[in-house]
Amino acid sequence: MKNILTIAKWELTRLRFRFEGRLKFVMLAIVMLAIGSSYTVYHLGIVTGKELYTIGLSSDGHAILDPRFQVIRFDPEQGYTMLYRGDLDAYINGKEIIARDDERSQHVKETLLRYLSKQELLRIAQQYESNIAFPLRVEVITLASPGNAASPVPGGTAVPAPPSPGRTDEDVNRQIDIFETGGLTQLKETLLAKEDIIIPSLTPPPLPMAQVILVFSFIVPVLFVAVFFASSFAEERINGKLVVLLSAPVSNIQIILGKMLPYIVYSLFVITLITLVMSGNILLNLAIFTPVSLLIFSAYMVVALMYRTFKDLTLFSVVVISVIMVYLVVPALLTGVSDFSYISPLTLALETYRGEAITAQQYLLATVPLFLIFCQAVFIGTRLFNEEYLMGFKPLHVKVAEAINLTVSRNHLNLSAFLLTLSLLPVVFVIELASIIFVRNIPMPSSLWMLVIFSAATEELTKSAVLFVLIKNRVIGTKLETLRLSALSALGFFAGEKLLLLLALAVVSRTVFTAAVFGGGLWVLPLVLHAVSTGTVGLITNRLGTKYYPLALIAGTAIHASYNLFFIGMFR
Amino acid sequence: MKSYLTLLKKELWSLTREKTILMAIIVEFFIASLAPVILGGVMTYYDPDSSGWGTARIRVGVVGGSGTPLLDYMEEGQVAVRLFPDLPAAEAAFQASRVNAILFVPGNIPGPVNMKLMLPDSEIEKTVITFLLDEPLKRYEDYLRKANGVEVNYNDFDFNPLSTYEFINNALIPILMLFPALVAGSMAIDAITEEFENKTIDTLVSTPVSAGQVFAAKVSAAIAAAVIQVIICAGLLTWNGIVINHLILVLILAFSYIVSISFGGAIIALLFKDRQRAQFAFSMIIIGAGAASCFLKPSPLELLTKLAAGAPNTSITGLLVYTALSIALGLTFLYFSERSMTANR
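Top to bottom, those sequences are chains A and B. Numbering follows the numbering used here, in which position 333 of the first sequence is assigned residue number 333; successive positions increment by one, without gaps. Numbering follows the numbering used here, in which position 320 of the second sequence is assigned residue number 1320; successive positions increment by one, without gaps.
There may be inaccurate statements among the hints.
The calculated lysine-lysine pairs, modelled on PhoX-like cross-linking and capped at a C-alpha distance of 25 angstroms, are [as the list claims (entries may be wrong)]:
#	chain 1	residue 1	chain 2	residue 2
1	B	Lys1273	A	Lys241
2	A	Lys241	A	Lys9
3	A	Lys118	B	Lys1146
4	B	Lys1009	B	Lys1199
Residues from chain B that keep clear of chain A, each with C-beta distances beyond 10 angstroms, as calculated [as the list claims (entries may be wrong)]:
#	residue
5	Arg1057
6	Asp1072
7	Gly1288
8	Ala1324
Keep in mind that the hints were calculated from the coordinates and are not lab data. The C-beta atom is built at its ideal place from N, Cα and C for all residues, glycine as well.
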């Protein structure tokens, strides 16, 4: 522990040394300017969406105060002419909105309608009592689906009692508040009761894009810090200083953790700061965003270890960051609409920001894969810490194969095969969930086919990667060894899959798609399948040589995919 | 000039040899082709109609509500209604899968109407049912409002479902056009600072080529890579059916941003001569300048968005100004590069 702290201190000293002298003030000034102008822009709400649409308004039309619209007063004759000439996106004559037939004009008309109807609702909320203005309340109750284990239907057989009037009024007012500000107010008091009360005209706007981006801003500073970490790491590696550190009486893991520590602490500090600015719950946000930070750091570390020049580092970081961003943002767009959103920690942050409660299961689903990937990355990092690997300059796939080779322990081949595949599960999980979202858009049944084949291929690749490396490096040679390790790899995969499934089922409801990917209620059959498909891949590679690995993969995928498709057919 | 071209060729060749530039192009490819697809996928949650769910009729068991227009609204909204005399009957039907959901409408009591909607535990069914009931319930609410004497001028239940127009035009296209510019700036900094850090700058100076030409070639290579990315990206978007209006002007504007940011980054690199500091300063300045640029009229982002979206009355003067700016930055860089060499003794 002390060693870690020492290394952390050295790292900090190096960092401080970089920014010494006159440059420190220049840097500070630049940073202040950056923060200052960003804050101003955030406050004034400018960024995108200022005066995007040009609207003509007649003299008797109501004023439009939304910054997205550039509003100019025209009398009807001029207005119509300009509209059809293309100089206006839409024209409002009194209460009527007129638009052309093209996509843009229609879109602007829709946007106007939404804005105006929202204004109307706010007006009547002000003018009238909530009972009169919002006379319809709909309480939503979830029933156990038919055929599922009987949980007694709430409400029993008597006529259900209406909720107390005082309580619904409170709900109405709260929903009006949310409606008005678009959900950005912070509501610290009550957690939403299990039964939601819907007021139809106040249902929250779909696609919480703005809010997701807001929550994403927590991560942006962490990305910056991570870049520092990665470049410091890469620099020491390229300069050869890292290798020198290897000869010191510190273990690899102490080096890695020690180097990461100051940056992680700094990220936590930044997250706390932003939480304070946005008046959120500090502990909760730290709990949510720490795994995200760890994920980002582990990604950058792996990149820094794999690449040789700085240009590579920049470009590959861009790739990694794009993937992570998509993984974090896309599910969060489904907040409140689908349980898929709980894959992303941003959803948790969004919901707590809105004052909604999150369950422990939801928290674990979002954060455990990230945390596991972090641990895995650190472990791999420690195994890669040898001179030859660090100083080598080879293509990416060779480096990956070498990494696997180094990670596997020669003395414990069985255990290594099992654990390696087990540990790759979170990555596979993430990829497969992403593919589910992706494939929603393609019409059935091709989407199902594509999904099954893709997930089968991913899984076979994962399970057989270790076999490929071991055969290629002639660590194993006989058919028996191949089969044994295939079985163990399959077992590892199977174990990891079931663990994650348990976790996921608690949160994500069953749909045809999740059944397709995670399917197979029986326990023995899937295990046999995994062993058979992996064994096939292993044996073919063994017999024909590693050059035929792609062929072996296709064979394994075919077996796996056929099984899945057959099984789903059975369910239908 | 000839030596500049030779140097440029060398830089471009080294960029392509390191296959990572391919990766950057693949990322753009990935995002450009995937984003509309993913978004479309997300949209199906908000609008089951577009995924073909809407053709399935949902059956809702209704208790009460006869004599009100609610039932008509529901039928018009593609919801099949089955009436039941009481809740237990409806529940039995639900358990027998004869209805997908239950709507309990209380009798005529004064005050607000408190309905109960009972939904099954399945995510997809919940989403579809809530979506299909949204319009009938809003209509009924409006009916009740009118009965209370409250008139609303605009109602939002006549809308078309949410479209991706806003996201694609106001967010996706600008981001995809600007992204390569940022990468190019970063790469320019890397290319320049590596000469200083590896101390190869002295070797360079001893050659018959001037340092200015060397640096110019490096930055040009970064710009070229970004330009190619933007063109590929625009091509992919168009191929996916996303319209970019005034394409040539948009591309010219994007190129001018690339040039500005690349030379800006290069100037920063010359000033700091140290990779980490230069990159950090670059990121901070991009944020600050980006934020500050929102105050300009038109702001760079706004101009790009409006041109690509085909907004009316988008003036070309902004385009000319930003192009002029990029040239100015280029010249500044050339000046600085010569000066920095003589100062680097």
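If I take the minimum Cβ distance from Asp1072/B to any residue of chain A, is it greater than 10 angstroms?
The claim holds: Asp1072/B sits with its nearest Cβ about 16 angstroms from chain A, beyond 10 angstroms.
Holds or violated: Lys241/A and Lys9/A, Cα atoms, limit 25 angstroms.
holds (16 angstroms)
Restraint check for Lys1009/B with Lys1199/B, where alpha carbons must lie at most 25 angstroms apart:
Holds. Lys1009/B to Lys1199/B sits at ~22 angstroms (cutoff 25 angstroms).
Taking C-beta pairs only, is Arg1057/B more than 10 angstroms away from all of chain A?
Holds, because the least Cβ-Cβ distance between Arg1057/B and chain A comes to about 18 angstroms, which exceeds 10 angstroms.
Hinted pair, alpha-carbon criterion (25 angstroms max): Lys118/A, Lys1146/B. Please report holds or violated.
holds (17 angstroms)
Closest CB-CB distance from Gly1288/B to chain A, is it above 10 angstroms?
The claim is violated: Gly1288/B sits with its nearest Cβ about 4 angstroms from chain A, within 10 angstroms.
Check the hint pairing Lys1273/B with Lys241/A against an upper bound of 25 angstroms on the C-alpha distance.
Holds, at roughly 21 angstroms.
Taking the closest pair, is the beta carbon of Ala1324/B still more than 10 angstroms from chain A?
holds (23 angstroms)
The structure fails to meet hint 7 from the earlier list, while all remaining hints are met.
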